[in-house]
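Novice: The lines below spell out each chain.
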Amino acid sequence: MIRFLSILFILVSNTIFSILEIEILKGSDNLSKVAFVPFGNESGIEENYGSQISKNIEKNMLLFGEFENLAVNEMLSYPSSENDFYYRDWKVLGVDYSVIGKVNSVNALGNLNISYSLFNINRRIKILEGEIVGSEDNIEDISKIISNRIYEQITGLRGIFDTKLAYVINSDADTYQMCISDIDGKNEQILFTSKAPIMSPDWSPDRKKIAYVSFENGLAEIFIQDLQSGERDSIQALGMTNSAPVWSPDGKSLALVVSFSGNPDIFLYSIRNKRLVRLTNHYGIDTEPSWSPDSKKIIFTSDRSGSPQLYEISTKSKRKKRLTRDGNYNARGRYFPDGKSIFFVHGNNGNFQIAIKKLSSRYIETLTSTSLDESPTISPNGNIIIYATKDGSNGYLGGITLDGKARFSLPVKNGSVREPAWSPLLN
Amino acid sequence: MNKVLTSLNTFFLILLFLSLIFSMFSFPKLNIDETQSIKVNFYELIQQNDILFDPPAANTLIKKEAKKTSAINEKTNADETSIISKFKINKLDIKNEITKIKLSKEREDILRVSAIIQQRISSIWIKPNSLSESLIAKVLINLAPSGEILNFSLIEPSSNTSFNESILTAMNKMTFFEEVLSLERKLFEKNFRNFNLVFKSSGEIE
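These protein sequences, in sequence, are chains A and B. Counting from 35, one number per residue, gives the positions in the first sequence under our numbering. Counting from 1242, one number per residue, gives the positions in the second sequence under our numbering.
Next comes chain A alone, as it looks inside the complex (with noise of 0.2 Å):
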């Protein structure tokens, strides 16, 4: 009887409580389609800013591919404020997200009072309202910061729009100059022009310093510049050579390869009282170390199995790990902003290519398709990653998203463009 009444019991429960579920595990290649309405003007202004804002916002959130626009001639209606906004003139476009806003006054110091809105059309509700009051002189600023909040509220991602890349440029065979400009590419700068390779640079956590090798004197030899001055000084290290400065998270060391006698090992060296500490001691060539985001670990290429590959380092321990075991080639590596995961060029017949791990996983995934590329660096909000790559025998900057979704390729510059390192963000 017990038993009968428990079988029914399992009957009845499961008729009432069972309730179907269906999985969703992969999501759609469709990219977001937002409409960048033209900002209006109160009237009485005479400049058309709003223009130019929104022309600004629309430019930044389309340069890594990750969303899709709405052409400004398809739109049904251009409104600047709420009242004029009705979420079916965009819902019948096929658009997610509409951006509008309004230049409201400047005033006599040529201060731009500026407002501004973000709307989900499918769940017909504003998302974002904001105003910021700018010079007219620094339009392109303001738009990165408009930029920037929008496309957090979007992907809940840190906006990345006012970072900035460092990279070297080989405009001919003897000429070599350390860069730096904005993300976009606009507001170069050339900080140091050299007759002798200069490599590896890397910004201090404060982005007030860049760290770089150069050869100007005949050997590798590690500078520290000064972004606001342009003063450079050289790290006077032990050893033969000394290069592939990485700054610690805290900004007060850098991990770096001094060579002793030829044979490379990665070091300690601690800006203020100019200390360096041994972290590896192997008959293999160790180099390009990278910091972990909590500064616990260093991750480095070796060849001490044979073959390049990655291991990491405990700081403090100094026990080591075997991080990579696919194929003969494993190097740069580089960990992601939430340390759980790296990133390395990654060898397979020939083919030299931008690969990602999980560092709980046992697998890799290249990401790229390209074939020679090297000296990824990843956007500070983890989600882009850009790499030097060659067509033909000029080199350019390629990026991909992670998730695949968008490749592009930045601004072609004078030259051949390698060793990019992106800025952390600005707090």
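The set of hints was computed from the structure by calculation and includes no laboratory data. On a predicted model such as this, the values are computed, not experimentally measured, just so you know. Please note that a few of the clues may not be correct.
[To be verified] Chain A is faced by these chain B residues, among others (derived, beta-carbon under 10 Å):
#1 Trp1366
#2 Pro1369
#3 Ser1442
By construction, the Cβ of each residue, glycine as well, lies at the ideal position given by its N, Cα and C atoms.
Chain A is fixed; fit chain B onto it per the hints.
Specialist: Quick look at chain B alone, frame taken from chain A:
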């Protein structure tokens, strides 16, 4: 008198009990191995009792012969009982078979409609980028028999706001799941009147 009645009563009870026991053992047994398909057993029964496929003809023949001799009559009655009892079991068997077929068809329909719904949601859900954590969110859907989405709610949100927002945005794009129109009403009510969509991010870099 009472004693006689009581003893008679007891006797009939015993008789009833014995007849029950006897009737139980007189039913033919079907040894259906659970691991075997029921179709196999059904086929075997058909092989053994071809007559089952023409029961009216068999009955007519039996009735004609019954008029001739009582001995034959007894035998025929016994055969008839046997056939009927066997026929009854085979009816049950057929019923089981039909239920099974019906169930598998229902299952097939549920899977078919579920797959279409899954594909339609996947085609409009713009999954947020760079999610290196495993996330799960559950949405309860309430459908009208016409396929119209009457209501949906995020009953188990994930810890990630953008992930939840992306799901709500996708759900707002959907108005109908007209695929359910192809279902029988009973099946719709049981499975698709209320159902859950479970959105998952694998935690891998996607």
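Novice: So, for every hint listed, does it hold in this structure?
Specialist: To see whether the hints hold, each was checked on the structure:
no.	hint	result
1	Trp1366	holds (5 Å)
2	Pro1369	holds (6 Å)
3	Ser1442	holds (8 Å)
In summary, this structure violates none of the numbered hints.
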